[in-house]
Amino acid sequence: MPLDAERSRIWEALGIGPQWIERGAEDPLLPSGTRASAAPVSAPAPAPAPVPPRPAPFRSPEPSGRAQPAAAAAVAAPQARQAAAPAPAPAASGPSAHEKTLAIFEGIGSATWEELARRVPLCEACGLAKTRIRTVFADGAPGCPLVMVGEAPGAEEDMQGKPFVGKSGQLLTHALEAVGIERGRDAAIVNVLKCRPPHNRDPEPGEVTLCRHFLDRQLELLAPKALVLMGRPAASTVLGTDLSIARLRGVVHEVEIGGRRVPAIVTYHPSYLLRSLTEKEKFWHDLLAAKRLLAAA
4 MPLDAERSRI WEALGIGPQW IERGAEDPLL PSGTRASAAP VSAPAPAPAP
54 VPPRPAPFRS PEPSGRAQPA AAAAVAAPQA RQAAAPAPAP AASGPSAHEK
104 TLAIFEGIGS ATWEELARRV PLCEACGLAK TRIRTVFADG APGCPLVMVG
154 EAPGAEEDMQ GKPFVGKSGQ LLTHALEAVG IERGRDAAIV NVLKCRPPHN
204 RDPEPGEVTL CRHFLDRQLE LLAPKALVLM GRPAASTVLG TDLSIARLRG
254 VVHEVEIGGR RVPAIVTYHP SYLLRSLTEK EKFWHDLLAA KRLLAAA
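Numbering (the working numbering), first residue to last: 4 to 300.
To be clear, the hints were calculated from the coordinates, so they are not data collected in a lab.
Do not rely on the hints blindly, as some may be mistaken.
As the list claims (entries may be wrong) - Quick list of in silico lysine to any residue cross-link-like pairs, SDA-like style, CA-CA up to 20 Å:
{"id": "1", "residue 1": "K133", "residue 2": "E117"}
{"id": "2", "residue 1": "K285", "residue 2": "E180"}
{"id": "3", "residue 1": "K228", "residue 2": "A299"}
{"id": "4", "residue 1": "K294", "residue 2": "A144"}
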């Protein structure tokens, strides 16, 4: 709303706004026919009431060698008592992630197969616990003479909680049947990792180090007569080598499990065979070599 001259002077004295005047001849926005001459204000406006000054903000008295007044001492005494009071002890929190990890792996060397299967889904030792759907423990149980070790679960395994159930698992099942080996009865299947890495990436060293606790105990309880290590991550973990599959194939390796020397062979991972069909023949010969190891044991 436009201000008259008197209100404008009052607002200016109060310091709360600019001076507004009514539109007149000096306003270029009014049509020429409606412009009026700005008549001077004849009556002087009464002087505005004086504005009382604001009180100065409170400041604590400066420290000095002189004694404080009684009022200041009365204010300072509660503050001194509050500063001298001990800080309250922090509320007790739950166990840390490190403590949970230690609890999962504590006493794992004496765990039974059934207890181990109950521990794996409770593990949150690495970040894979946040991205997995299900943990994948094993296909088979102690008593299977042959143990096959893979890399990690894939998408289908993550959904079903069972190793090698996708396309690569179907290829493995058919290959075992072709040489007279029944998975779950003659051959137990486990993975180095019990959780699926995002986007099926390779296992990271830290993940392998933690999950190795479960794998080592699985191998001890399974007590195989022979091992088949499928793929480079499995061979690298169990044999402790970085050699390629081509360098490791065709040789019988030995792995110490539970104080026994167990023969082991290295072959391609079934998922690799889906991309390299010409290597299936080599996989066939590796399975036949595993059967010969079982017969010799």
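Looking back at the numbered hints, which does the structure fail to meet, lowest number first?
1
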